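> Letter by letter, the chains look like this.
2 protein chains.
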Amino acid sequence: MAVCVVGSVALDDLKTPKGERKNLLGGSALHFSNAASLLTDVKLVGVVGDDFPVEGFDLFKKKNVVTEGLEVIKNGKTFHWSGYYEDDMNIAHTVSTELGVFADFTPKIPESYKKCDLLFLANIDPVLQLNVKKSMGKIFTMLDTMNFWISSKKNDLIKILKEIDILLVNEGEAKLFTGIDNVNKAALEFLKLGVKYVIVKKGAYGVSLYSEDFYFSLPSFPIKEVTDPTGAGDSFAGGFIGYLDYIKEINKKNLKTGLAYGTVIASFYVEGFGVEGLENVSKIDIEKRLNLYKEYVTLP
Amino acid sequence: MAVCVVGSVALDDLKTPKGERKNLLGGSALHFSNAASLLTDVKLVGVVGDDFPVEGFDLFKKKNVVTEGLEVIKNGKTFHWSGYYEDDMNIAHTVSTELGVFADFTPKIPESYKKCDLLFLANIDPVLQLNVKKSMGKIFTMLDTMNFWISSKKNDLIKILKEIDILLVNEGEAKLFTGIDNVNKAALEFLKLGVKYVIVKKGAYGVSLYSEDFYFSLPSFPIKEVTDPTGAGDSFAGGFIGYLDYIKEINKKNLKTGLAYGTVIASFYVEGFGVEGLENVSKIDIEKRLNLYKEYVTLP
Numbered sequence: 025m026a027v028c029v030v031g032s033v034a035l036d037d038l039k040t041p042k043g044e045r046k047n048l049l050g051g052s053a054l055h056f057s058n059a060a061s062l063l064t065d066v067k068l069v070g071v072v073g074d075d076f077p078v079e080g081f082d083l084f085k086k087k088n089v090v091t092e093g094l095e096v097i098k099n100g101k102t103f104h105w106s107g108y109y110e111d112d113m114n115i116a117h118t119v120s121t122e123l124g125v126f127a128d129f130t131p132k133i134p135e136s137y138k139k140c141d142l143l144f145l146a147n148i149d150p151v152l153q154l155n156v157k158k159s160m161g162k163i164f165t166m167l168d169t170m171n172f173w174i175s176s177k178k179n180d181l182i183k184i185l186k187e188i189d190i191l192l193v194n195e196g197e198a199k200l201f202t203g204i205d206n207v208n209k210a211a212l213e214f215l216k217l218g219v220k221y222v223i224v225k226k227g228a229y230g231v232s233l234y235s236e237d238f239y240f241s242l243p244s245f246p247i248k249e250v251t252d253p254t255g256a257g258d259s260f261a262g263g264f265i266g267y268l269d270y271i272k273e274i275n276k277k278n279l280k281t282g283l284a285y286g287t288v289i290a291s292f293y294v295e296g297f298g299v300e301g302l303e304n305v306s307k308i309d310i311e312k313r314l315n316l317y318k319e320y321v322t323l324p
Numbered sequence: 025m026a027v028c029v030v031g032s033v034a035l036d037d038l039k040t041p042k043g044e045r046k047n048l049l050g051g052s053a054l055h056f057s058n059a060a061s062l063l064t065d066v067k068l069v070g071v072v073g074d075d076f077p078v079e080g081f082d083l084f085k086k087k088n089v090v091t092e093g094l095e096v097i098k099n100g101k102t103f104h105w106s107g108y109y110e111d112d113m114n115i116a117h118t119v120s121t122e123l124g125v126f127a128d129f130t131p132k133i134p135e136s137y138k139k140c141d142l143l144f145l146a147n148i149d150p151v152l153q154l155n156v157k158k159s160m161g162k163i164f165t166m167l168d169t170m171n172f173w174i175s176s177k178k179n180d181l182i183k184i185l186k187e188i189d190i191l192l193v194n195e196g197e198a199k200l201f202t203g204i205d206n207v208n209k210a211a212l213e214f215l216k217l218g219v220k221y222v223i224v225k226k227g228a229y230g231v232s233l234y235s236e237d238f239y240f241s242l243p244s245f246p247i248k249e250v251t252d253p254t255g256a257g258d259s260f261a262g263g264f265i266g267y268l269d270y271i272k273e274i275n276k277k278n279l280k281t282g283l284a285y286g287t288v289i290a291s292f293y294v295e296g297f298g299v300e301g302l303e304n305v306s307k308i309d310i311e312k313r314l315n316l317y318k319e320y321v322t323l324p
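Sequence order for the protein chains is A and B.
Sequential numbering from 25 applies to the first sequence in the working numbering.
Sequential numbering from 25 applies to the second sequence in the working numbering.
In short, the hints are calculated from the structure, not lab data.
Note that the coordinates shown come from a computational prediction; the quantities given were computed from them, not determined experimentally.
A virtual CB, placed ideally from N, CA and C, is assigned to each residue, including glycine.
One should not assume that every hint holds.
[To be verified] Residues on chain B that point at chain A, a partial pick, calculated with CB under 8 Å:
| no. | residue |
| --- | --- |
| 1 | E122 |
| 2 | Y229 |
| 3 | P243 |
| 4 | P246 |
| 5 | Y320 |
| 6 | T322 |
[Unchecked claim] Using 25 Å as the maximum straight-line C-alpha spacing, the simulated DSS-like pairs for lysine-lysine come out as follows:
| no. | chain 1 | residue 1 | chain 2 | residue 2 |
| --- | --- | --- | --- | --- |
| 7 | B | K199 | A | K248 |
| 8 | B | K39 | A | K209 |
| 9 | B | K318 | A | K277 |
| 10 | A | K209 | B | K186 |
[To be verified] Just a few of them, taken from the derived set where beta-carbon distance is under 7 Å, the chain B residues facing chain A:
| no. | residue |
| --- | --- |
| 11 | I204 |
| 12 | N208 |
| 13 | K209 |
| 14 | G230 |
| 15 | S241 |
| 16 | K248 |
| 17 | K318 |
| 18 | V321 |
Work the whole structure out from these sequences, hints included.
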């Protein structure tokens, strides 16, 4: 029982209506690991420079995240993102992106990772994602991507869609990829490309899952203070995949429950800057909010 | 068992990405009546000019909507709205608004209407809404409003909020009224002003209900072709209030189920221009889609 995640580990400078912070722990693989490790074992593949702070390694240690696959490049600079959010916290504005050692990232999967049951390919170059997928074999896989790759490497994305099980996109990405303005119609296009499940993230509005067999949709948990939306999507993915790995069986029922775990964990996530939202959150806190959430969304 | 609705009856010229139509039957009270009459008896209060087409009266007749309170002004012009929607069907762009006889609308409530069990005050001047409410007495009341009244007559709105039971707003209206950017926090402000329940419409994203006792949220039904979003909010209100009137008791369970009826009826509504979305929809069709909807949103 373990999840393997491949993606970015970064440092973020950011500003939201709630404040401003520098050098926050960030990156998709880090946020995913931070969330998924609440529910299951996580093995991370990524790269950082030797400027990556000790608090980052401490976080992985505290969360029992295996970092055998986290390369540390001597004299290298860790991927650094700088950006801000205005009143509409659904939109991240980028000020600067310094790729650093991430520019030459070639994921190397340790032998011990090949026993993982689930794989999350966080948002990186789809060519690298395909290489990782091939080296990992028949593992159940969820893939995230972004506008940049849809615009620049769509053919590579189409190739990997045939190889994966779940595609995770937001509404804008689904529309950009398919050229279809109706998100429900757009999502179904991905199924034609060989994906089994499509999960569409709708920011503060919740999430929908599309498959040949069934459709499922959940609103978000009603947060009163969003402090920092960075990592919301990756923590959602972590909660979702973490639950599936914990429960061991991928079926309709567990996929639906997984979406609820993802939703609830993401709701904690955005309540703090960087990784702080989950800092003092226990498994019991998750279960408590999940029970509340069920009351909020269950029809009589 | 009957619902009384006070609001506009209009003719609409509109353009959406799916086509262009002129002189469609429209107006908030008309759309509400068209929807609510699927589930219960409706009595309408409004005003039209003698240019209002026979098809409008035929619709009310077919749906058994009582029109004793619908004034017809000789040589008057019916309220005429002209507008368009672009790709984001959540936003209506107004080209022109000719109030016509609606400019001097003074709702007169027929004596026979005073036995109604529920009242829907559709979007009109809050001063008129308060007068109607006073003349109807202690009836359970839902009120809709819009940005225009929030900006120009906020004090009158605050007055009537103390007198009604449910406030129906969209996200933008909730934020504008309260000056609070977080919709969940904004909604709770209305409870402090004396409203028992606040329903926040989120367009294609669903709906949330806030009260002192409980919170409830539903995503929308996944429509593949939105033809014309005009009347979505009013048909939602019609389905919701229509169900509450039909089921007779206002409690937590019925409010939740009512939100589902509203959601499902609104999903039919936007599939056609003007009132066409419900044209061939029977009670059985509603129940069928409701059952499907429950599968789409119910956690295991």
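> If a hint holds in the structure, say so; if it does not, say that too.
Results of checking the hints against the structure:
Hint on E122 (chain B) is violated. Least Cβ distance to chain A is approximately 31 Å, over the 8 Å limit. The closest approach between the C-beta of Y229 (chain B) and any C-beta of chain A is roughly 4 Å, which is under the 8 Å cut-off, so the hint is satisfied. With a cut of 8 Å, the hint placing P243 (chain B) at the interface with chain A holds, because the nearest CB-to-CB distance is about 4 Å. Residue-level restraint check for P246 (chain B) holds (minimum Cβ-Cβ distance to chain A is 4 Å; threshold 8 Å).
Given hint, Y320 (chain B) at the interface with chain A, holds; its Cβ is 5 Å from that chain's nearest Cβ, closer than 8 Å. For T322 (chain B), the shortest C-beta to C-beta distance to chain A is roughly 6 Å, which falls under 8 Å, so the interface hint holds. With a CA separation close to 13 Å, the supplied pair K199 (chain B) and K248 (chain A) stays within the 25 Å bound. Only pairs whose Cα atoms come within 25 Å are accepted, and K39 (chain B) paired with K209 (chain A) is accepted, the gap being roughly 21 Å.
For a cut-off of 25 Å, the pair hint linking K318 (chain B) to K277 (chain A) stands: about 14 Å separates their Cα positions. About 43 Å separates the Cα atoms of K209 (chain A) and K186 (chain B), which puts this hinted pair outside 25 Å; it is violated. Here the hint on I204 (chain B) is broken, as its CB sits about 10 Å from the closest CB of chain A, past 7 Å. This hint holds: N208 (chain B) has a C-beta 4 Å from the nearest C-beta of chain A, less than the 7 Å allowed.
Interface hint status for K209 (chain B): upheld, as the beta-carbon distance to the closest one in chain A is roughly 5 Å, under 7 Å. A distance limit of 7 Å between C-beta atoms decides the matter here; for G230 (chain B) the minimum to chain A is near 6 Å, and the interface restraint holds. Hint status for S241 (chain B) relative to chain A: holds, with the closest Cβ pair at about 4 Å, below 7 Å. For K248 (chain B), the interface hint holds, the least distance from its beta-carbon to any beta-carbon of chain A being 5 Å, beneath 7 Å.
A distance limit of 7 Å between C-beta atoms decides the matter here; for K318 (chain B) the minimum to chain A is near 6 Å, and the interface restraint holds. Residue-level restraint check for V321 (chain B) holds (minimum Cβ-Cβ distance to chain A is 6 Å; threshold 7 Å).
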